[in-house]
Amino acid sequence: MSFARCALRAFATSARPATAAARPAAPSMRQFAASHFGTRFASTTPTPTPLPRSSTSGGIGAHQPPAWQRQQARTHQRNQSALYYTTAVFITFIGLSYTAVPLYRLFCSATGVGGTVQTSKDAGADDARFSPDNMVPVTSRGRKLKITFNADTARALDWTFRPQQRVVEVVPGETALAFYTAKNRSDQDVIGISTYNVMPAQAGPYFNKIQCFCFEEQKLRAGEEVDMPVFFFIDPAFLDDPNTVDVNEITLSYTFFNARTIDTNRLHALNPRAYQEPPAAVAAPSS
Amino acid sequence: MSFGAPQALSNITVLPPERGSFPLDHDGECKSIMKDYLACMRKSGGSSTKCRDLSKKYLECRMERGLMAPDKMENLGFHDKTR
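Sequences listed follow chains A and B, in order.
Heads up, the first sequence is in UniProt numbering, so the first residue is 1 and it goes up one at a time.
Heads up, the second sequence is in UniProt numbering, so the first residue is 1 and it goes up one at a time.
Be aware that one or more of the hints could be misleading.
DSS-like cross-link-like pairs, simulated, lysine-lysine; straight-line CA separation at most 25 Å [claimed, not checked]:
{"id": "1", "chain 1": "B", "residue 1": "35", "chain 2": "A", "residue 2": "146"}
{"id": "2", "chain 1": "B", "residue 1": "31", "chain 2": "B", "residue 2": "72"}
{"id": "3", "chain 1": "B", "residue 1": "57", "chain 2": "B", "residue 2": "43"}
{"id": "4", "chain 1": "B", "residue 1": "56", "chain 2": "B", "residue 2": "72"}
{"id": "5", "chain 1": "B", "residue 1": "31", "chain 2": "A", "residue 2": "219"}
{"id": "6", "chain 1": "B", "residue 1": "35", "chain 2": "B", "residue 2": "56"}
{"id": "7", "chain 1": "A", "residue 1": "146", "chain 2": "B", "residue 2": "81"}
{"id": "8", "chain 1": "B", "residue 1": "50", "chain 2": "A", "residue 2": "144"}
{"id": "9", "chain 1": "B", "residue 1": "50", "chain 2": "B", "residue 2": "81"}
{"id": "10", "chain 1": "B", "residue 1": "43", "chain 2": "B", "residue 2": "56"}
{"id": "11", "chain 1": "A", "residue 1": "183", "chain 2": "A", "residue 2": "219"}
{"id": "12", "chain 1": "A", "residue 1": "219", "chain 2": "B", "residue 2": "35"}
{"id": "13", "chain 1": "A", "residue 1": "146", "chain 2": "B", "residue 2": "56"}
{"id": "14", "chain 1": "A", "residue 1": "144", "chain 2": "B", "residue 2": "43"}
{"id": "15", "chain 1": "B", "residue 1": "57", "chain 2": "A", "residue 2": "146"}
{"id": "16", "chain 1": "B", "residue 1": "57", "chain 2": "B", "residue 2": "81"}
{"id": "17", "chain 1": "B", "residue 1": "43", "chain 2": "B", "residue 2": "31"}
{"id": "18", "chain 1": "B", "residue 1": "35", "chain 2": "B", "residue 2": "50"}
{"id": "19", "chain 1": "A", "residue 1": "183", "chain 2": "B", "residue 2": "31"}
{"id": "20", "chain 1": "A", "residue 1": "146", "chain 2": "B", "residue 2": "50"}
{"id": "21", "chain 1": "B", "residue 1": "72", "chain 2": "B", "residue 2": "50"}
{"id": "22", "chain 1": "B", "residue 1": "43", "chain 2": "A", "residue 2": "146"}
{"id": "23", "chain 1": "B", "residue 1": "57", "chain 2": "B", "residue 2": "72"}
{"id": "24", "chain 1": "A", "residue 1": "144", "chain 2": "B", "residue 2": "56"}
{"id": "25", "chain 1": "B", "residue 1": "50", "chain 2": "B", "residue 2": "31"}
{"id": "26", "chain 1": "B", "residue 1": "57", "chain 2": "B", "residue 2": "35"}
{"id": "27", "chain 1": "B", "residue 1": "57", "chain 2": "B", "residue 2": "31"}
{"id": "28", "chain 1": "B", "residue 1": "81", "chain 2": "A", "residue 2": "144"}
{"id": "29", "chain 1": "A", "residue 1": "183", "chain 2": "B", "residue 2": "35"}
Simulated from the structure, these hints should not be mistaken for laboratory data.
Sequences are here, hints too, so could you generate the full structure?
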């Protein structure tokens, strides 16, 4: 057993020659034996240089991993827990980005933030929009609006379509009249249909048209010129909307498209059985 | 109507008119009043307030000729109230 101990000490010494010198010399086996048991032991083994003792260990034989190894283990553990936390955060955010879409939709439909249309409210508010109380000019706020007009036609439509006034100055709540003129330049009866657009977009909901000429088919005979009025007002609620604070000019833009070109003779030829009635009644068929 | 607009904007800006569409004045029965109204607008620089009487006359002409559903003028905003 003593031989094994000496061998271990020798091995330890050879492994770390540099540190051996720094350590205080431990009493050798031989000296120990000599002090406690007299000179009965005669050892032929050379006394090896003492085993360098770790500074933190208490007794001889306490086989603990040295400090640098424990430090390494702690760092490794910390790194691992940091990795777990990072992965968890990563997965959380991926999950959040997936749930964000339905959550946002729920939030918007409940609160109407960001301009989402609340259709149930709109249906009920339609009567309030056009009530005579809403058509009262608001002069107390000192805000005037300029309405400009724009007219377009589709390329296939051979009409001259123009606004008759450049600008109408109006106060919110004041009803105003504007005119467009359309002339059918072709030599056939043409049915046109128009749509409109209001710019800027945030002023769109406040542009209330009492009566106009859009969304319904308008038939112009060949070469006919006709005036098309637009009777409208800007809703007084326009003044309370924070989105429209800097809006002073509103553009109303109409575009005319070809609904269909009626050639009643051709219709007869295509399907004589369906068109037994005189041509006059066939002039405006329903779609 | 803007196709391809984001959902928040696509159905706000286009609303139907309250009373639908004006029947076309094919025979130009109220054209003279329209011309007076436009002349007034050009003179006043587009001020709608100054030419309100003429627009009222135009709508009355339309109602007489059956080119507009008749209604009281107060319901069309022709009153003296202001806010």
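Regarding the pair residue 146 of chain A and residue 56 of chain B, is the alpha-carbon distance no greater than 25 Å? Satisfied, since the Cα-Cα distance of roughly 20 Å is no more than 25 Å.
Under the criterion that the straight-line Cα-Cα distance not exceed 25 Å, is the pair residue 57 of chain B, residue 146 of chain A satisfied? Distance ~23 Å between residue 57 of chain B and residue 146 of chain A Cα, so the pair holds.
Are the Cα positions of residue 57 of chain B and residue 81 of chain B separated by 25 Å at most? 19 Å, holds
Are the Cα positions of residue 43 of chain B and residue 31 of chain B separated by 25 Å at most? 18 Å, holds
Does residue 144 of chain A pair with residue 43 of chain B here, judged by a C-alpha cut-off of 25 Å? Distance ~18 Å between residue 144 of chain A and residue 43 of chain B Cα, so the pair holds.
Taking 25 Å as the top limit, are the C-alpha atoms of residue 50 of chain B and residue 144 of chain A close enough? Since the Cα atoms of residue 50 of chain B and residue 144 of chain A sit roughly 14 Å apart, the hinted pair holds (cutoff 25 Å).
Take the C-alpha atoms of residue 31 of chain B and residue 219 of chain A, compute the straight-line distance between them, and say whether it is at most 25 Å. The given pair, whose Cα atoms are some 18 Å apart, holds under the 25 Å limit.
Next pair to validate is residue 35 of chain B with residue 146 of chain A; report whether the Cα-Cα distance is within 25 Å. Answer holds: residue 35 of chain B to residue 146 of chain A is near 21 Å, not above 25 Å.
Given pair status - residue 35 of chain B, residue 219 of chain A, alpha carbons within 25 Å: 23 Å, holds
Given the hint that residue 31 of chain B pairs with residue 72 of chain B, does the C-alpha gap stay at or below 25 Å? Satisfied, since the Cα-Cα distance of roughly 22 Å is no more than 25 Å.
Can the restraint linking residue 81 of chain B and residue 144 of chain A be considered satisfied, given a maximum Cα separation of 25 Å? Answer holds: residue 81 of chain B to residue 144 of chain A is near 17 Å, not above 25 Å.
Would the hint linking residue 146 of chain A and residue 50 of chain B be met if the CA-CA limit is 25 Å? 15 Å, holds
Checked against the numbered hints listed earlier, the structure breaks none of them; every hint is satisfied.
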